[in-house]
Amino acid sequence: MGKVYRTHILVCAGTGCVASGSLKVRDKMISEIERHGLKDEVMVASTGCNGFCAAGPITIVHPEGIFYKRLNVDDVPFFIEELLIKGRTVKKHLFTEEQRNEQIPIMNDIGFFKNQVLVVLKNRALIDPDVIDEYIGRDGYLPTSKALLEMTPDQIVEEVLTSGLRGRGGAGFSTGMKWKFCKEAKGEVKYILCNADEGDPGAFMDRSVLESDPHAVLEGMIIGGKAIGAHKGYIYVRAEYPLAIQRLNTAIGQARDYGLLGENIFGSGFDFDIELYYGAGAFVCGEETALMQSIEGKRGMPRPRPPFPAHKGLWAKPTVLNNVETFANIPQIIMRGGAWFASLGTETSKGTKVFALTGDVTNIGLIEVPMGITLRQIVYDIGGGIKNDKGLKAIQIGGPSGGCLPASIIDTPVDYESIVKTGAIVGSGGMVVMDEGNCMVDIAKFFLGFTAEESCGKCTPCRVGTAILLEKLTDISEGRGKDGDIEILETVGRNIISSSLCGLGQTAPNPILTTIRYFRDEYEAHIYDKKCPAKRCKALITFAIDPEKCTGCTLCKRNCPQQCISGEKKMPHTIDQSLCIRCSLCYDSCKFDAITVA
Amino acid sequence: MNPYQIAKEYNAFLQNESLTEFKDKIDSILEDYRERRGGLIPVLQQVQEYLKFLPPVVQNYVALGLGVPSSDVYGVVSFYSFFSMKPRGRHLVRTCLGTACYVKGIQKVIDKIERGFDVTMGGTTKDRRFTLQGVRCLGACGLAPVVVVDENTLGQVDHAKIVKMLEKYE
Numbered sequence: 001m002g003k004v005y006r007t008h009i010l011v012c013a014g015t016g017c018v019a020s021g022s023l024k025v026r027d028k029m030i031s032e033i034e035r036h037g038l039k040d041e042v043m044v045a046s047t048g049c050n051g052f053c054a055a056g057p058i059t060i061v062h063p064e065g066i067f068y069k070r071l072n073v074d075d076v077p078f079f080i081e082e083l084l085i086k087g088r089t090v091k092k093h094l095f096t097e098e099q100r101n102e103q104i105p106i107m108n109d110i111g112f113f114k115n116q117v118l119v120v121l122k123n124r125a126l127i128d129p130d131v132i133d134e135y136i137g138r139d140g141y142l143p144t145s146k147a148l149l150e151m152t153p154d155q156i157v158e159e160v161l162t163s164g165l166r167g168r169g170g171a172g173f174s175t176g177m178k179w180k181f182c183k184e185a186k187g188e189v190k191y192i193l194c195n196a197d198e199g200d201p202g203a204f205m206d207r208s209v210l211e212s213d214p215h216a217v218l219e220g221m222i223i224g225g226k227a228i229g230a231h232k233g234y235i236y237v238r239a240e241y242p243l244a245i246q247r248l249n250t251a252i253g254q255a256r257d258y259g260l261l262g263e264n265i266f267g268s269g270f271d272f273d274i275e276l277y278y279g280a281g282a283f284v285c286g287e288e289t290a291l292m293q294s295i296e297g298k299r300g301m302p303r304p305r306p307p308f309p310a311h312k313g314l315w316a317k318p319t320v321l322n323n324v325e326t327f328a329n330i331p332q333i334i335m336r337g338g339a340w341f342a343s344l345g346t347e348t349s350k351g352t353k354v355f356a357l358t359g360d361v362t363n364i365g366l367i368e369v370p371m372g373i374t375l376r377q378i379v380y381d382i383g384g385g386i387k388n389d390k391g392l393k394a395i396q397i398g399g400p401s402g403g404c405l406p407a408s409i410i411d412t413p414v415d416y417e418s419i420v421k422t423g424a425i426v427g428s429g430g431m432v433v434m435d436e437g438n439c440m441v442d443i444a445k446f447f448l449g450f451t452a453e454e455s456c457g458k459c460t461p462c463r464v465g466t467a468i469l470l471e472k473l474t475d476i477s478e479g480r481g482k483d484g485d486i487e488i489l490e491t492v493g494r495n496i497i498s499s500s501l502c503g504l505g506q507t508a509p510n511p512i513l514t515t516i517r518y519f520r521d522e523y524e525a526h527i528y529d530k531k532c533p534a535k536r537c538k539a540l541i542t543f544a545i546d547p548e549k550c551t552g553c554t555l556c557k558r559n560c561p562q563q564c565i566s567g568e569k570k571m572p573h574t575i576d577q578s579l580c581i582r583c584s585l586c587y588d589s590c591k592f593d594a595i596t597v598a
Numbered sequence: 599m600n601p602y603q604i605a606k607e608y609n610a611f612l613q614n615e616s617l618t619e620f621k622d623k624i625d626s627i628l629e630d631y632r633e634r635r636g637g638l639i640p641v642l643q644q645v646q647e648y649l650k651f652l653p654p655v656v657q658n659y660v661a662l663g664l665g666v667p668s669s670d671v672y673g674v675v676s677f678y679s680f681f682s683m684k685p686r687g688r689h690l691v692r693t694c695l696g697t698a699c700y701v702k703g704i705q706k707v708i709d710k711i712e713r714g715f716d717v718t719m720g721g722t723t724k725d726r727r728f729t730l731q732g733v734r735c736l737g738a739c740g741l742a743p744v745v746v747v748d749e750n751t752l753g754q755v756d757h758a759k760i761v762k763m764l765e766k767y768e
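Line by line, the protein sequences give chains A and B. So in the working numbering, spot 581 of the first sequence is number 581, and the numbers just go up one at a time. Quick note, the working numbering runs 598 ahead of the 1-based positions in the second sequence.
Calculated directly from the structure, the hints in this document are not laboratory data. For clarity, every value in this text was computed on a predicted model and none was experimentally measured. Incorrect hints may have been included.
Keeping only pairs whose Cα atoms sit at most 16 angstroms apart, straight-line, the calculated EDC-like set for lysine to aspartate or glutamate is [unchecked claim]: (1) K28/A x D74/A; (2) K650/B x E749/B; (3) K724/B x E712/B; (4) K531/A x D442/A; (5) K538/A x E615/B; (6) K122/A x E134/A; (7) K759/B x D588/A; (8) K706/B x D442/A; (9) K298/A x D670/B; (10) K706/B x D588/A.
Model the full assembly from the supplied sequences, consistent with the hints where possible.
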């Protein structure tokens, strides 16, 4: 018999909170509770990523479900005493919603959580990902038993087709169709692969799912294996995600011990096993054919399709590759039915989508929302609006394959078709909110710098094209822009899209094309006026000291790495423009707002 | 280096008895993967974990051990950013180059590190104390800007304090 506790204290142990010290908090809590002799009444456990990473270390106290933010080791003795001995809510660590200016104790009342719909993340912050029994306690592996014992492969594929689930990795291809093609492909040996090589800058959905609910992904793969007739699965996971790797290894080990992986699972006669494969740091390996090359031990370069992986994939055998989030949806589609899943979302985009909401938004973290929600709802209702009361300038969606959408189209619903119409793509789920202080030329340059670096070099349009685009953008941002440059960017961009071999090249110009489409005036200001309206592009700005405001405190002078600021104590200082490298350290250090940027 | 020099250096490596321990370790890694398809990348990952970098002689040794052309090994080592052919410093400082960190000012943090320790991105300090690298998004965007020193993740890094924070790594 398990023990009954009066209180459960759940400490988040996702990457974000661990980095903020949550494991030490947990250990300290355990020792404090022992000190008070409450060991048999109170349980302390660590859970997977809660999602609200910026508020970490996060602690949730059940049964009330009270959310405590930024609870550090030093706060623990006071916290335990208040909470457990005196039985009070600890006000100091409650979450305050800025718009309403009130403290909100219950987690599910907080705007960030209230407006989410959890399917993939249903177990987040509830179970310990390292304990398979907790997963099973939440109906885990029931879908697998149903699929293996009661369903034929055709029925599984049919259910996934009914659900309308589309690949969550970016392209949005129907998962059911992919499985159907592979199921029908001839061959004794087939493979099922899970793409956990999450590479988009500003995206951490897959990391969080793997860390908080690894078994859901394993289950999705087992069910997929049964559907297409594969007995071997690989998870291709980034080496940069050590915690996700550790939890996956634990999960696979436990599943094997319980007979949920291996031979004759549930006595159904179906064999299936999963192997982990660590990526070695190449963004292009997120592309399916490149990923297969990499597992084969070669340079991860894409190859032309057809033949499609459903017919000739890994080691030339029929192969299905799906994203982490796609697999995590599968168990619930099998359990609750494709029709239930299809009832969520819009006409063509079913279900929910996990997004990593970051940037200049108040509430940063991982969110899951139904398809069809508007960008406005995401940024304001869940994200809590823009930090420091600044204005919203753009929302970057889809990472280096996506685009920057301006505030004027913030009522666009988030579904595959509507987002494509804007020139961006839904992508894997990165969503970076930018305030007025961001320069769109600079952001486009950032993404092109990334794709030019990560282009594998196999096909010319991508290898040479991205370099040309980057060079032009660099010229523009450094004041060497010429009349006609915008047109060159557009033409070259369109040519790269139409002639590249894989998805990397076919989407690489999107950040440029969308920023030109929505922020053309900024490009023109850089090219014709040699000005950066957001004051970000170093070559186009100058720093000066306002003699009226300068008190002569010498702080800027001491901070300047070029020693180009001169002036006597208590007298207004001046900057030698010929030496200034525009590092903005003086601007950041001035306490009197005396440094102006123009 | 011309082929003759490479062969000479490789021969010296094989006959150098002080390196027996290294070679035994690599042999034991090779042993696990000799029969498996697609073993090259896991082998290189483990060898690098042990040696900290992959000089050409080691690449040749691995190629011979797995029975693949050394050009294939070099091709893989030079393709993936995880592999390094140069020795690294005692501490690896990885700065996240993801969008969220960019928006939150990772560049200023990098500038401070470069100036504070006289090191450039991708390079190692003269005393081999730090190697500074930029890495693809670490997925800790909630903590942007993020710097990872060895295994420690530093979140919401203040550029004014980073040099001081690194001082404690000797």
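Structure-based check of each hint:
1. K28/A x D74/A: Roughly 9 angstroms between the alpha carbons, so the hint for K28/A and D74/A holds.
2. K650/B x E749/B: holds (15 angstroms)
3. K724/B x E712/B: holds (13 angstroms)
4. K531/A x D442/A: Distance of about 13 angstroms is within 16 angstroms: holds.
5. K538/A x E615/B: violated (55 angstroms)
6. K122/A x E134/A: holds (13 angstroms)
7. K759/B x D588/A: holds (13 angstroms)
8. K706/B x D442/A: Holds - the C-alpha atoms of D442/A and K706/B are around 15 angstroms apart, at most 16 angstroms.
9. K298/A x D670/B: holds (8 angstroms)
10. K706/B x D588/A: Holds: K706/B and D588/A sit about 11 angstroms apart, inside 16 angstroms.
Of the numbered hints listed earlier, the single one contradicted by the structure is hint 5.
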